[in-house]
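Chains as they are written, first to last, in numbering that gives the first Met the number 0: chain Z, 0 to 191; chain D, 0 to 191.
Treat each hint with caution, since some may be false.
Stated by the list, open to error - DSS-like mimics (lysine-lysine), calculated; alpha carbons at most 27 Å apart, straight line: (1) D:LYS34 - Z:LYS56; (2) Z:LYS56 - D:LYS44; (3) Z:LYS34 - Z:LYS86; (4) Z:LYS86 - D:LYS175; (5) D:LYS56 - Z:LYS44; (6) Z:LYS51 - D:LYS33; (7) D:LYS34 - Z:LYS34; (8) D:LYS175 - D:LYS33; (9) Z:LYS86 - Z:LYS33; (10) Z:LYS34 - D:LYS56.
No wet-lab data here; the hints were simulated from the structure. None of the values given here were measured: they were computed from a predicted structure.
Number of protein chains: 2
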Amino acid sequence: MVKLPFITRNPNKVMEANAVLSRYGIELVPADLKKVELQSNRLEKIAAFAAKLAYRKLRKPVVVEDSGLFIDALSGFPGPYSSYVYKTIGLHGVLKLMEGVENRSARFKAVVALAYRGGVEIFTGVVHGRIAHEARGSAGFGFDPIFIPQGFSRTFAELGPGVKNKVSHRAKAFEKLGQWLQHNIDKLIPEL
Amino acid sequence: MVKLPFITRNPNKVMEANAVLSRYGIELVPADLKKVELQSNRLEKIAAFAAKLAYRKLRKPVVVEDSGLFIDALSGFPGPYSSYVYKTIGLHGVLKLMEGVENRSARFKAVVALAYRGGVEIFTGVVHGRIAHEARGSAGFGFDPIFIPQGFSRTFAELGPGVKNKVSHRAKAFEKLGQWLQHNIDKLIPEL
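One chain only, chain Z, in its complex shape (with noise of 0.2 Å):
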């Protein structure tokens, strides 16, 4: 087992991207370092610039993700920042906007950053799908209780990790981060 540190204090981040790094062998460790996350509209630029901070300070490979939930109707709110939105407003507040709006299509978008010694690798995942009428399920985490993804009928959070690690956003891009590390360990060696 490979070993990385993942910038992240969010033990469900870990989870899922352990669910999926685990048949290539790796595993990401949450790392105690601060992220510095910039203000922008574009998640592979916070990841970025997370990630290359993070490797200046550790030295050595480092793995850092950024997502977000765009709703079309809302013109693409709360996007990167879905975190804080979630803290401030609340399910409860996203669905309050939805209230009585038709067009219901969200994606979900992940952007994973891996830096080390040759610079940034950038690996995105999107699961599209649509916003729910009321929140719904208790797995996962976010908005997770009200993002249906497309095929299905029930929200991430009623169709819990099984699923949401097969077709999710995060699983998506740490299954490119994955394979990208299949053939590409060696360079990673020499500063592990």
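Given chain Z's structure and the hints, the job is docking chain D onto it.
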């Protein structure tokens, strides 16, 4: 007139700042430099970081301002992300979130940061008030049409610049900067 660069792309902010600073013989001149903003719940941190980076690039004294609308019933939302929230869900979205909400208390807060060789000076201004039940008026910008300052019955957008430039969060913060400069301009002179 002492001129100082002001990192902003918002001409309204330049006008509001200079309406106050002209009394101190100071003029802020918009500088075409990208403001690097952190994600943080603290405007002070966002402004200080942006000012420090701008100073590193310009190598001369530079002013940055960060502000936000903090609504009590929404746990401070939209706070430091007011500009993003304005561009996505807008006045309409915030009014919708406040539908049926009795406690309409809110405050505007502005933080001005001046970076120079001696470090970063921070000046804050707050104006208390409440969220209107509908958007009214056309002066100002951002959330001005839905914010009624304490002691008034009309919104900032109805009251116009005459009142806003006396009682606003921004006016108060720049007033403090003006006073500081009046007593400390010699600290800046070597770099001007």
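The hints, checked one at a time:
1. This hinted pair checks out: LYS34 of chain D and LYS56 of chain Z have alpha carbons roughly 24 Å apart, not beyond 27 Å.
2. At most 27 Å may separate the alpha-carbon atoms for a hinted pair to count; LYS56 of chain Z and LYS44 of chain D meet this at roughly 20 Å.
3. Distance hint between LYS34 of chain Z and LYS86 of chain Z is fulfilled; the C-alpha atoms sit about 18 Å from each other, no more than 27 Å.
4. Simply put, LYS86 of chain Z and LYS175 of chain D have alpha-carbon atoms about 33 Å apart, too far for the 27 Å limit, and the pair is violated.
5. The hinted pair formed by LYS56 of chain D and LYS44 of chain Z meets the criterion: a straight-line CA distance of about 20 Å does not exceed 27 Å.
6. Distance check on the hinted pair: LYS51 of chain Z and LYS33 of chain D sit about 19 Å apart at the alpha-carbon level, within 27 Å; holds.
7. Between LYS34 of chain D and LYS34 of chain Z the alpha-carbon distance is near 19 Å, which keeps this suggested pair within the 27 Å criterion.
8. Restraint check: the Cα-Cα separation between LYS175 of chain D and LYS33 of chain D comes to about 25 Å, which is no more than 27 Å; the hinted pair holds.
9. The straight-line distance between the Cα atoms of LYS86 of chain Z and LYS33 of chain Z is roughly 18 Å, inside the 27 Å bound, and the hint therefore holds.
10. Simply put, LYS34 of chain Z and LYS56 of chain D have alpha-carbon atoms about 24 Å apart, close enough for the 27 Å limit, and the pair holds.
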